[in-house]
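Undergrad: Given next are the chains, with one letter for each unit.
Number of protein chains: 2
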Amino acid sequence: MNDTELIAALRDIFPAERISATTADREAHSRDESFHEAHLPDVVVWPETAAEISALLRWATAHRVPVTPWSGGSSLEGNPIPVRGGIVLAMYKWNRILELREEDLQVRVQPGIVYDELNRQLRSSGLFFPPAPGSSDVATIGGMVANSSSGMGAVKYGLTRDYVLKLQVVLPTGEILNLGSNAAKSASGYDLIRLMVGSEGTLGVITEITLRLRGLPERIMAAVAIFETVADAAQAVFEAIRYGLVPAAIELVDPEIVREINRWEKLDLTVAPTLFMEFHGNRAGVEEELAFAEEVCRDHNARSFVTAEAAEERERIWSARREAHKAVKYGNPDHRTTITDVVVPISKYPEMVDQAYAIAARHRIRVGTFGHAGDGNVHTEVLARKDDPDELHRADLVAEELVAYALQLGGTATGEHGIGIGKIKFMRQEHGEAVELMRRIKALFDPAGILNPGKIFPD
Amino acid sequence: MNDTELIAALRDIFPAERISATTADREAHSRDESFHEAHLPDVVVWPETAAEISALLRWATAHRVPVTPWSGGSSLEGNPIPVRGGIVLAMYKWNRILELREEDLQVRVQPGIVYDELNRQLRSSGLFFPPAPGSSDVATIGGMVANSSSGMGAVKYGLTRDYVLKLQVVLPTGEILNLGSNAAKSASGYDLIRLMVGSEGTLGVITEITLRLRGLPERIMAAVAIFETVADAAQAVFEAIRYGLVPAAIELVDPEIVREINRWEKLDLTVAPTLFMEFHGNRAGVEEELAFAEEVCRDHNARSFVTAEAAEERERIWSARREAHKAVKYGNPDHRTTITDVVVPISKYPEMVDQAYAIAARHRIRVGTFGHAGDGNVHTEVLARKDDPDELHRADLVAEELVAYALQLGGTATGEHGIGIGKIKFMRQEHGEAVELMRRIKALFDPAGILNPGKIFPD
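So the protein sequences, as listed, match chains A and B. Residue 283 in my numbering sits at position 283 of the first sequence, with consecutive numbering throughout. Residue 24 in my numbering sits at position 24 of the second sequence, with consecutive numbering throughout.
One chain only, chain A, in its complex shape (with noise of 0.2 Å):
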């Protein structure tokens, strides 16, 4: 089919101000976040209503053309690249709460409604979504929902994926099911939600999101204590999470990233490794944790434990630590910046971050490390000078080793970033033959094979 038929076809389904094939739209959306190589798509459709969606993909499993949902673009594996080029299916403007149900905890949204927006929307109910991805700015529910993210507040609130009550979803063959209730659990039927939680947008397109809600907490307490060695850091999470500590957030980052954080941020945080920690509670509850946190970080060297509880503060202290990523990818424009996201069991954390650096060293790659240090999930990120392919090349054996080494230990490749293309050469060795199983339920699912195409699976 060409361009032209194409765009005949999709105006049967969306107004035409809701198609476009221009070169900067397609350009738009044939990039993520990640380094991976851009793919134009053939055009770009902005659904309104689940019945357009399920006209398209009727018509595209009947044509077997490539469609390629995208809702924040914040991805870091390549995940909505529309790598088969085809349709790409623009989620971001659906974005509006639909239901605020407060006496419930719930809320029900559109796909492409912002993680910090629908909290700042919440905020006058005193209730929350609390996953606290890194990238909280830009990512999308539904995004969050289809790549099973999470971030800085799983250790304490759990996943994304804890929090889904209801999905609507149109399969590619068209159907539109309603999965789940308004209960706060069920053992009805099978769990046809967390099957869609993390399945990127090969299985369905997501429409609308029920989510569970939490209070806000009574009292937020921030700390920060800095280290002598990164492996003390690490010893002192690893001690503090395996004697009952439940921070809302503990958060480790290296001093690289410090010095990179303070170059893009204008900042002088003493670089050094630091743990960023959280505390939600009550006010007496928060006050003892507190208190454990600051003997666990001072009995493993910590040289100073410092807390903050004015809003503003808190601000300051979590937005330089939310900046990592952005700060190591754009202060370098000429370096190409890999990110790992690989999670190791917790008494094996203080080890990979250990191996990241000499794994680094080995190839002579500039790496830093930060992450959600309370699950064992480990940022790596590595660096390569964009016009030196043998730089290129040794960096890329540097994060394969990481995600290698991390699996031996019992780990996985991916914490929160999704396999999207970045990760699918380790599918295999992750999951051995139940990835046979997941390709037959795509088969079941996608009989034509597409819906985001060239994602998960390996060839």
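FYI, nobody ran anything at the bench for these hints, they're computed from the structure. Don't take every hint at face value.
Stated by the list, open to error - Residues of chain B clear of chain A, computed beta-carbon distances all greater than 10 Å:
no.	residue
1	Pro15
2	Glu37
3	His63
4	Glu208
5	Arg298
6	Arg336
Unchecked claim - Quick list of in silico lysine to any residue cross-link-like pairs, SDA-like style, CA-CA up to 20 Å:
no.	chain 1	residue 1	chain 2	residue 2
7	A	Lys386	A	Arg364
8	B	Lys166	A	Ser347
9	B	Lys156	A	Arg283
10	B	Lys166	A	Asp232
11	B	Lys166	A	Gly410
12	A	Lys166	B	Gly410
13	A	Lys326	A	Asp268
Keep in mind the model is a prediction, meaning the values are calculated, not measured. C-beta atoms are modelled at their ideal positions from N, C-alpha and C, and glycine is treated no differently.
Got chain A sorted already, so can you dock chain B onto it with the hints?
TA: Below, chain B alone, put in the same frame as chain A:
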């Protein structure tokens, strides 16, 4: 195939002493704790390895012989009753801890280990598995995973689903798959673990489970509040949850059930609407939670609010609550006891409890309600004299109307007991077209339809 041929075939897979076709063994595996009609299997086998189960299922698929996994036998919807005969796969002797990874807060177990026994063995490590089903003294971990069970701990700690890191499963076609990793979170590939959780032994046989654990809290306090009316107690639960209380348990028991508990356990609890609560946390945090809970209860006319900290005292309180279902069932041997398991959005909890009495009154049927109020999970015990066909019929109507009402409120037919046989009739109403997708997944996993046939799906 006649029984002799069947047993001969099984002898190729299992040693003779782990195969039985005696009437006693067949009868012992013909019914669960529900009122559903017993069905005799042709034979019972006790597997000891995944390889045996693989060989069995491969053979059963080839010969189209039904196989029904059986663990604690404590289910309440007929989930493991071998309604099509064939082979019962008795898992409960397979009950060891295989590996305690204390430093990772994880444990790997065989499927037949009983919930209380697991936590007893974990105690010295300071760790525990928190969902706390009502039948904790008999429910096996394999059964809990298969049925997506939870219980009193769900309101604070979440569901069994949230704790499963790895599963070994044998598919009906004989493949042995290892799903998941030791990482605390993962966004790698489709979530086959959550698809297995709650599939009630219809998609595969679970042969090994790795669970995430939690640290035992520093402090535990229990509280019992006595109210004037059930409506007051229900409203207190709603307000407490709405305003951010996170109890480790909050259970509402109505006077009818208190009376049954007193009779069965020879206790003299005040016969009145009663909330049983527990709070877990650090010393000061628990104190504050308790004070808040008391305030909310007093605001709703609680006439007493008594706390308990010593372990024996707490155990006395909880053993009373845990015996609720047994007290009703075994305390009324001349009655059939049907227990419902609906969950409604928390704001509808008072209405749902109220409806239970209204519907029962309309049909002149005796009921009592209790349940996991913090999740909106209402268990109604519906009683009918076994020798009175009309009363039995009216009791059926009560149970059905209760579920229909919960579904109308946006709830679910079952929060933790599963569909089994008893809730099949509501599948279509609750899930609509999604039932067909579930059925196609069933066919993908189990092409010959041998695994626990006759469950979950309407004919």
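Undergrad: Does each hint hold? Answer for all of them.
TA: A quick look at each hint next to the structure:
{"no.": "1", "hint": "Pro15", "result": "holds, 28 Å"}
{"no.": "2", "hint": "Glu37", "result": "holds, 22 Å"}
{"no.": "3", "hint": "His63", "result": "holds, 23 Å"}
{"no.": "4", "hint": "Glu208", "result": "holds, 14 Å"}
{"no.": "5", "hint": "Arg298", "result": "holds, 18 Å"}
{"no.": "6", "hint": "Arg336", "result": "holds, 23 Å"}
{"no.": "7", "hint": "Lys386/A / Arg364/A", "result": "holds, 15 Å"}
{"no.": "8", "hint": "Lys166/B / Ser347/A", "result": "holds, 17 Å"}
{"no.": "9", "hint": "Lys156/B / Arg283/A", "result": "holds, 19 Å"}
{"no.": "10", "hint": "Lys166/B / Asp232/A", "result": "violated, 30 Å"}
{"no.": "11", "hint": "Lys166/B / Gly410/A", "result": "holds, 11 Å"}
{"no.": "12", "hint": "Lys166/A / Gly410/B", "result": "holds, 11 Å"}
{"no.": "13", "hint": "Lys326/A / Asp268/A", "result": "holds, 17 Å"}
Against the hints set out earlier in the document, a violation occurs for number 10 only.
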